[in-house]
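For this one, chain A is given, so just place chains B and C on it according to the hints.
Here is how the chains run, residue by residue.
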Amino acid sequence: MEYKGEGAKGVAVEIRNITKSFGDFRALDDVSISIEKDEFFSLLGPSGCGKTTLLRIIAGFETPESGDITFDGNSILHLPPEKRECNMVFQNYALFPHLSARENIAFPLKLRKMNKDEIRRKVDHYIHLVELDGHEDKRPAQLSGGQRQRVAIARALVCEPSVLLLDEPLSALDAKLRQNLLVELDEIHDKVGITFIYVTHDQSEALSISDHIAVFNEGKVLQTGSPYEIYESPSTRFVASFIGDTNIFPCIVENSVYDNNLEEWLITVQIDELGSTVTVTDYDDIEIGRRLYFTIRPEKIRIVGGERKLGENSFSGFVDEPVYSGYQSKFFVKLDNCTFIKVLKGHTTYLDDGPEIEWKDRVSVSWRAVDGYLVKEEWSEKR
Amino acid sequence: MKRDKKRINVRAYLYSLPMGIWVTLFFAIPIAIILIYSFLEKGLYGGVEWRASLAAYKAILNPNFLIVIWRTVYISVIATAICLLLSFPASYAMARSRHQTLFLFLIIIPFWTNSLIRVYAWINLLSTEGLINNVLIKLGIISEPIPMIYNLFSVILVLVYMYLPFAILPLFTAIDRFDFSLLDAARDLGCGRLRAIILVMFPAIRSGFFNALIFTLIPIFGAYTVPLLVGGMGSTMVGNIIVDQVQKTRNWPLASAFSVILTLISMIGVMAMLGSGKKKEEMNEKLL
Amino acid sequence: MRSYYKEKRSFSFSNLCLFFVLLFLFLPLIVVIVYSFNSGRAMVWQGFSLNWYRELFTSSVGLWKALWNSIIIAITSSITATILGTAASIGIKWYRFKGRTYITVATYLPMILPDVIIGISMLIFFSSVNLPLGMFTIYASHTTFNLPFTFLLVSSRLDEFDYSTIEAARDLGAREYDTMVRVVIPSIFPGILSAFLMALTMSIEDFVITFFVSGPGSTTLPLYVYSSIRYGVSPVINALSLILILLSMAIAFTFRRFLKSFAASA
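In the order they appear, the protein sequences are chains A, B and C.
Going by this note's numbering, the first sequence opens with residue -19, and the numbers climb by one from there.
Going by this note's numbering, the second sequence opens with residue 5, and the numbers climb by one from there.
Going by this note's numbering, the third sequence opens with residue 146, and the numbers climb by one from there.
Don't read these hints as lab results, they were simulated from the structure.
Hints are not guaranteed to be accurate.
Unchecked claim - Coverage of chain C stretches by chain B, computed from C-beta distances (three or more under 8 angstroms per stretch; other residues unrestricted):
{"no.": "1", "stretch": "193 to 201"}
{"no.": "2", "stretch": "233 to 243"}
{"no.": "3", "stretch": "257 to 270"}
{"no.": "4", "stretch": "296 to 307"}
{"no.": "5", "stretch": "341 to 353"}
{"no.": "6", "stretch": "364 to 371"}
{"no.": "7", "stretch": "382 to 391"}
C-beta atoms are modelled at their ideal positions from N, C-alpha and C, and glycine is treated no differently.
Only chain A is shown next, with the shape it has when bound in the complex:
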């Protein structure tokens, strides 16, 4: 078993070069992912990106045209869904309407001809695990959305699969409930300690719960990594703008020098939209003349009232649209050359006289070179 750093127990699910088309539509294009044992892995992407198709291929409901999937090194593609060591939590729960919560959870155990006491013991255990005590004899129609979700999770877990597949399990719930269930899902993952593969289109869900994320778009995996890597070092323009909010501009690399203090390369790029050059750090030397994207997250930009020069990467403009949301304000700042830039300012202290920066105020924005990031995706003149 290959050692992969602390906590790594080896690969649980290996997805190799999977391709799948529906008619002319290519749903998955040469997708390869490896998922480690017992981790919480998210497949993230907009709807129609192929993430659900991949999940259904793993579960056995779709057959890929090429590629292979292995569980613990053994190929599973030849197995029918019922023989695979994974269970699924369906998007709309897919609870059997004619069975009570308890009967739904016991369903797979009865199929396996387990004895009654054993079934009762196991079902009770999982009912308790998902905190459904007191609701076990209700039908799905009598349960709330969140409770149905718990039944679906318990039903999928009760056979103790090595992999749990979750297909947007929270998408049908309202925002508050979603937050709570997300925390519970995390707790359940900690308790059962098996591999979770979680499909979602909600980047904040994926960021907050996953050990690793694969970002999908148009049938391709754009980037795989930890939430931190995906957020801070997006590999493409799509990933940068899909995960969180950001300002992103095409740029041309003008200069690159090694900075001994920072132990990083200090890179100067020309950004036409800002009408100026900007400095940004990177771990690697970048060839002069490359056309890349420069991105800066709104929360990493500093904003102050009035016109002040604030060192490197400083611009001034007007507040075009302030959006106050209690714990923070978001400003759309119209720079002097008419480019808009989004800035987030957290309100960490008591605001006595209301926000100090208001609509139409003259402001200055700036950021440190280490806070920007160069996305290594090339652009061409045409765009």
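For chains B and C alone, kept in the frame of chain A given last:
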């Protein structure tokens, strides 16, 4: 709907009363009349004598009639069972098909041809000099024509033919509404394909199944034309007796008594099926 | 989601069953159509001819009279049943009043009773009140057995109707009459139309009930077919069937297009 109560009632009757009067006049009263007639004595030349009597009901207990009733039950059960057995896989295939509308169209088209013409076509197909016997003899498979018509076989075959679409349409609707992800879920949890259908799909399409049952069993039970045209002496059904009593024997009370019994059986059947189908749903609703 | 099943396994047990069911359903129709072009009378192929079509159009007065009777009764009884059924479904869906359950039950019952009983009860009723059998009695009986279906179809359409649009219309200044004509009727129109078409089909098709309540001179098409089956069949019936099949398919297609464009504009 906050409107003043008196106005509500005026509108309600304005809308509903015309139909209410119509069904009272042309349905409720006629049914009431045969109910009353069934307890009267028969008149000499048709019609009734206004004297209460149970003669009609006693006459039904005549063994000749009992045989026909038993035969009617027997034919209905077999024909209905065949209809349902054929229509389940067929409507399953339709619901799963990408060409649902086309198939629906194909199922309905035969309806547009007069049913008597279709019965007539079956006569042509099945009769001793008919197409099937002709072809079989020409091919040398048989030397003597097989008697396929004017017997129980032809009656059941043509009844199945006539009422098959009535079983397919409600079953198709139910299967089409069925959430197929439940089958995925069942398979994911360890069911084989057929087992998933039995354990998960059958309970979900119960009401469609009962509709199909009602829409085939009851008309078959009261069938008249089919046994008349393709049946023989040994395959008359209750419907034929009733008509004979009206048209030939002119025994209105006896015809009425038969009708009352047929009505009761149909209604009890429907109630029982609706009751068993709805009980569980109602229980759920009450609990909510 | 279901695309998986739809594309998979085009050859399966259930598809095979569907194929045989369709074959079974169409076998008699094919026989009717093929033999309408047969030159002989018997079920033996004696060569192609259009004799029966010629006879249909030149020397089948009785048949055309029967068809005409059928059409008159179908149209009048369908219109009556559609109007009564639509009005009643509005009354019964939107209001609570005494007799509501009675009307509902009395309307639905004919749907589940065998045709023979409806026919007999009407025959006995008409003779008891000394109403001469003829076109009117057929019209009355057809309207009666069509009512449950028009009522059912319009009611189910009304279930989907959003009552708040009426409140919106009233709020915007529409009087009750305007609301009915401009809001309610147009939005349940597909239901009304399908109810009418259904009634039309069932009326043209009915044999058993008509058989009891018809009198001299009121022979409908099914009665004509019946007597020709009983007393010597002429393949003219086959020819007529093909024409009727084509006609009803044409009607269905035109209305299908109409329904689609209606749905698009709504």
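Closer than 8 angstroms, Cβ to Cβ, for at least three residues: run that test on the stretch 341 to 353 of chain C against chain B and report holds or violated.
holds (count 5)
How about the stretch 296 to 307 of chain C: do at least three of its residues have a C-beta closer than 8 angstroms to a C-beta of chain B?
This one is violated; 1 residues, fewer than the three required, reach chain B with a Cβ under 8 angstroms.
Tell me if chain B covers the stretch 257 to 270 of chain C under the three-residue, 8 angstroms CB rule, please?
holds (count 13)
Given coverage of the stretch 233 to 243 of chain C by chain B, tested with a Cβ cutoff of 8 angstroms and a minimum of 3 residues:
holds (count 8)
Can you tell me if the stretch 364 to 371 of chain C counts as covered by chain B, using C-beta to C-beta distances under 8 angstroms and a minimum of three residues?
holds (count 4)
Has the stretch 382 to 391 of chain C got at least three residues whose CB is nearer than 8 angstroms to a CB belonging to chain B?
Contact hint for the stretch 382 to 391 of chain C vs chain B: holds, 5 residues under 8 angstroms.
Taking a Cβ-Cβ distance under 8 angstroms as contact, does the stretch 193 to 201 of chain C have three or more residues in contact with chain B?
Coverage by chain B is violated here, the residue count being 0 at a Cβ distance below 8 angstroms.
Hint compliance for this structure: hints 1 and 4 are not met, and every other hint is.
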